[in-house]
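*Asks:* This is what each chain is made of:
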Amino acid sequence: MFPKKIIIAGGGTAGWMSASLLQHSWPESDIVLIESENIGTIGVGEGSTPGLRNFFKTLNISEQEWMPFCNATFKSGIEFPNWSVTPGYESYFHPFFSSLDSDTGKLFFKLAKEQKSGFPNNAHPDHFFISKQIAYQNKAPKSLNTQNFRLDYGYHFDAGLLAIFLKKRCLNLGLKHISDDITDVKMNEFGEIKELITNKNNAQSADLYIDCTGFRALIIQQTLKSEFISFSDNLFNDRAVAIQTPKTMQSSIRASTKSTALSNGWAWEIPLTNRYGNGYVYSSSFISPDQAEQELRTHLNIGDKDDVKVRHLAMKIGRIDKHWNKNCLAVGLSQGFIEPLEATALMLVQFTLETFIEQYTVNQQEQIKRQFQYNSRINMTFEGIRDYIVTHYKTNSRSDSEYWLKCRENNNISNNLSALLDAWKNPNPNVFEDELNKQGDSSPYLRASWFVILAGMGQFPHQALVKNNAIKHHQRAQKHCTEFVEKSFLDHRQYLDEMK
Amino acid sequence: MEHIKETFEVIDEASHNKLRVKSHSGCNHLKAVNNSPIFAEEISEVTANFPIAFLKDVSKGTFKLSALFGLMPDENLFVNEKGDWSGTYIPVALNLDPFGLVLDAQSDANRITINVNSPYVSKTEGEMLFVNQQESPYLANMREQLNTIVDASIQTDKLIAELVNRNLLTEFKISIEGLSEEPQVIDDLYTINTDEFSYLSKEDVIMFHEMNYWGAIYGIQQSLKQFKKLVQLSNAQKSNSKIKMTIHIDRENP
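Sequences listed follow chains A and B, in order. Counting in my numbering, the first sequence runs from 3 upward without gaps. Counting in my numbering, the second sequence runs from 63 upward without gaps.
Keep in mind the hints are simulated off the structure, nothing from the lab. Heads up, the beta-carbon is just placed ideally off N, CA and C, and yes, glycines get one too. Honestly, I wouldn't trust all of these hints.
[Said to hold, decoys possible] What follows is a list of derived Cβ distance ranges for each label pair:
hint	chain 1	residue 1	chain 2	residue 2	range
1	B	I309	A	P89	30 to 36 Å
2	B	V247	A	M251	44 to 50 Å
3	B	T308	A	N417	33 to 39 Å
4	A	G305	B	V247	54 to 60 Å
5	A	N471	B	T150	31 to 37 Å
6	A	N439	B	F259	25 to 31 Å
7	B	T308	A	S378	30 to 36 Å
8	B	N172	A	N417	55 to 61 Å
9	B	Q284	A	H464	32 to 38 Å
10	A	K440	B	E272	50 to 56 Å
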């Protein structure tokens, strides 16, 4: 069961990921992608979560094929400096996890539970996970020995190049492509999309329309009026300024995105093989675009250099309520956006598509029921990610600006998040995990990620933050991780060079 | 090592008026009690019978000085089938069990507490805590006994704090072979960090002497030899397994 004719409106990463997956899953379907020469893509968006590895596996695309083309590097996690000012917890690393973390991970949970009950352990997550050492030692998440273990990792890449790569592949496999602007969207009497009016071509009609038109959301929001729910009551950042900086071809590569807290937001630093991507995500209610650009330039140590390309962006933070609406599916920015603090945008694109492909039916009656369940699931995922991002802001301990104070004092948080944060503060060691279990699937983040963020941000009672020299478990765990990575994993730069 | 799950609640008539406390004669109720907190004053008696370890006191954020009665959790090698205690000494805290004391910061007075999870607490057997909504003579007597050990408790906490502040505690593990294919490791036990002695100032050395801490320190160190006794008792009591044990003390410079 599949739609006979599909039109994808819009290129970019969302458009070409949609084309790739739909073409792969429904090879008999007639698919056309319409993209404009005049409308650019968002142009940034260079980090992923481990799920993207499955995307390439599904399409049978090897890393050798796509990574060199996209200047891609590996990613073992995200570093968060300066969100917390608690001594000893000024920075932490959110790792991707591995079966190799089993023993040290168990120890981390035990120590963190004792520490949050008041015992002065040192449960800073950086001591306990392999991925932290992989990044720290400039290694690739690629091992020398062929041991059987699972190790999650993601990627950094040039999003523009990735779209081009996927486009070439789709066109080679027979996907139709129209280079044109969509000037109007017509509905039929049932409120469904009837056809897309284009500038230079005929009206285009299909059984299914995929809206990848970005924040404009031409079909799903402008035409079908899917309600947009803003997240601005607990996520204040609404703008970004992006600046690319050079990288020498011989320098070492760290398998980590760095997300440094600044005065009124945070700056990302993403290593590609040929350059760095940087950007300052901030709230326009607190600083202006000029001030943000100045602060980013200072942070990057480039002062007033005028030979750098600076891009200013506005972001619409929130989600729609009906992602699959009538005969349209919204994918990418058209369906919503959460600031890229945990690099979740492409994860949502992939999840939206894969779940849709699984759930799609041509049976009209069944479709209504499935649409409702589908949209609930997508919404739940958005809200789950939102809660995790909000946690970064709620647990910040900075007091250098009104912005950070407001982030911490903000009480517009979901019931789920409120219950989790309360449970963490409960001295009974099992209450937090019980609450996590109770919330079940509502969070896309597992127990380990919750422990990492709360421990990493130093969320322990005052008496548990004093140094206790008798406690050495964390040192032993770190030594184990350090030595294991030293002897088992390959140099990142070298591995990528040999891939070309 | 997992601590016994204790839940101490401040005694008040409203919550606890139905509770009774069983008498301590016979030690059958201690069959599964693997350790007991001890006071610094009783170290020399304890050292003659049981190994001593510092155990994590999670909610207080510090350590508890404890006597160990068995290797495995829930194991007490000193209670025989008849319910008799086979050591030459019973730590004071076991006689006070299930009661405790907590300092009420507001009134600066000590409040008597009861461990509601203690095997001695019952709704049907033993001495009543409250009679006609008033404190029973039994409870009044316990309160008096507890008050006399308040000082001992304070002194013990002070000793522990002095040791912690000077890096004088270190972790040790016991590795038991013979129970299963892989050696079983019991960790999160703490003892004296003798490496740090050379870093003590002269003033500290004298102060320790004046406070009688050196006796406590040596007593705690010596007590580690009692682990051999635990192994011996275990092998004697369990005809189907012979265990061997090694102790590994965490050293900076092994």
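*Asks:* Against each hint, give a clear statement of whether it holds in the structure.
*Replies:* Now for the hints, and whether the structure bears them out:
For I309 of chain B and P89 of chain A, the Cβ-Cβ distance of about 35 Å falls inside the hinted range of 30 to 36 Å, so the restraint holds. Range check, V247 of chain B to M251 of chain A: Cβ separation about 49 Å, and the 44 to 50 Å hint holds. With their beta carbons about 52 Å apart, T308 of chain B and N417 of chain A fall outside the hinted range of 33 to 39 Å. Distance hint for G305 of chain A and V247 of chain B: a CB-CB separation of about 57 Å, consistent with the stated range 54 to 60 Å.
Distance hint check for N471 of chain A and T150 of chain B: the Cβ-Cβ separation is about 35 Å, which falls inside the suggested range of 31 to 37 Å. Restraint check, N439 of chain A to F259 of chain B: a C-beta distance of roughly 47 Å breaks the suggested window 25 to 31 Å. In this structure the supplied range 30 to 36 Å is violated for T308 of chain B paired with S378 of chain A, their Cβ-Cβ distance being about 57 Å. Between N172 of chain B and N417 of chain A the beta carbon distance is about 41 Å. The supplied range of 55 to 61 Å is therefore violated.
As the Cβ distance of Q284 of chain B to H464 of chain A is approximately 37 Å, the hint placing it in 32 to 38 Å holds. The supplied range of 50 to 56 Å is met by K440 of chain A and E272 of chain B, whose beta-carbon atoms lie about 55 Å from each other.
The structure shown violates the earlier hints numbered 3, 6, 7 and 8.
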